[in-house]
Amino acid sequence: MLDSLGSVLTANGLLTAFVFVGVLVWFSYEASERLTAGKLHGSAIAITLGLLLAWAGGHYTGGSKGLADIALLTGIGTLGGAMFRDFAIVATAYGAQIDELRKAGLAGALSILAGVLLSFVVGAVVAVAFGYSDPVAISTIGAGAVTYIVGPVTGTALGASSEVIALSIAAGLVKSILVMVGTPLVATRIGLDNPFSAMVYGGLMGTTSGVAAGLAATDPKLVPYGAMTATFYTGVGCLLAPSLLFLCVRALA
Amino acid sequence: MVIYGVALLAFCMLVGALAGDALGRLVGVEANVGGVGIAMLLLLWLSNLSRPRLQLALPSQSGIHFWNAMYIPIVVAMAASQNVRAALSSGWLAILAGTLAVMASFAMVPLLSRLGRRRNPHA
Chain A
1 MLDSLGSVLT ANGLLTAFVF VGVLVWFSYE ASERLTAGKL HGSAIAITLG LLLAWAGGHY
61 TGGSKGLADI ALLTGIGTLG GAMFRDFAIV ATAYGAQIDE LRKAGLAGAL SILAGVLLSF
121 VVGAVVAVAF GYSDPVAIST IGAGAVTYIV GPVTGTALGA SSEVIALSIA AGLVKSILVM
181 VGTPLVATRI GLDNPFSAMV YGGLMGTTSG VAAGLAATDP KLVPYGAMTA TFYTGVGCLL
241 APSLLFLCVR ALA
Chain B
254 MVIYGVALLA FCMLVGALAG DALGRLVGVE ANVGGVGIAM LLLLWLSNLS RPRLQLALPS
314 QSGIHFWNAM YIPIVVAMAA SQNVRAALSS GWLAILAGTL AVMASFAMVP LLSRLGRRRN
374 PHA
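Chains A and B supply the protein sequences, listed in that same order.
For the first sequence, the numbering used here gives the first residue as 1, with consecutive numbering after it.
For the second sequence, the numbering used here gives the first residue as 254, with consecutive numbering after it.
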């Protein structure tokens, strides 16, 4: 009986994920209403619970995909993978205002450059503070603070050690998780309540998963605007970090 | 037909992914540059262009609205499949670098928003 339950759930992984996520979302929205009187958004609770479960899953299996490494729950990895994520983000654009996108175009583009530069500098300064003096390592860790994709791309291009590359990925992961959890908490204070500031926010944060979850937990109507700028961020980071920014670090080091 | 909306959405996404890859190769970067953004613009453009002769019928629109509504559950699944353990067990350097980068970026949001608005009073 238990065997056949397991094999049905595994064989229909994506459907198992629908049920699992459905229950998790239901529980979170109930908790939001009953425990916080709706003050803490249900989606914010669901995302935070998701991250906690991911930590537990990683702890239990020793794998790198959170809950999705548990055989019964591999469908969560499919549902939450890049394909469905990007598909749903594009769907949110339906109904977005083209005028709003145009109005914030320049500020959005500027915020991408400012965001890549700022995160890189912060990451590089932390690396120096921890005693790194090799420009390759400093740049790779700085690039990791940009996103967890820019870090390894830069590290590989510059020939950094695998230990430094792993650190850069970890820095990017910390950033993305913190953006997911932190955005709804600071949203009012940083004025994140309109398409214009959402585009600036997407360009400054840049981590696609962080921005996607952060805006979902704040106001889903803002998703297309933030996603629009965030989608260019990793590319700009991969372009600048191993080239211009590395040369600057080497000149200073 | 619902499938028309889903097909249009998937078509936009595939074209965007291709264009983002091409853009990345053009600037010599091993990453997709702006694929999702290009797909979103294409969807907006096509769904506005198709008026009035090809305007999406309500059932077709519901194919797009469904995926729009699935956004939060998908994001929850994404959160549940993150490598949180690696992020938290990697030591102080990574935690500090990530945290300070986020705090600095949060602080810049109101600054850049205000700057952008001042230059563009109609925004």
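No lab work stands behind these hints: they were computed from the structure.
Treat each hint with caution, since some may be false.
To be verified - Which residues of chain B face chain A? A few of them, derived with a C-beta cut under 8 Å, are:
1) F264
2) L267
3) L279
4) V280
5) E283
6) L297
7) L299
8) S313
9) S315
10) A333
11) S343
12) A350
Unchecked claim - Covered by chain B, per the in silico footprint, the following chain A stretches (three or more residues, Cβ under 8 Å):
13) 4 to 17
14) 111 to 123
15) 177 to 183
16) 233 to 242
Glycine residues also receive a C-beta, built at the ideal position from the N, C-alpha and C atoms.
Which of the stated hints cannot be reconciled with the structure, identified by number in ascending sequence? 1, 2, 3, 7, 8, 9 and 13
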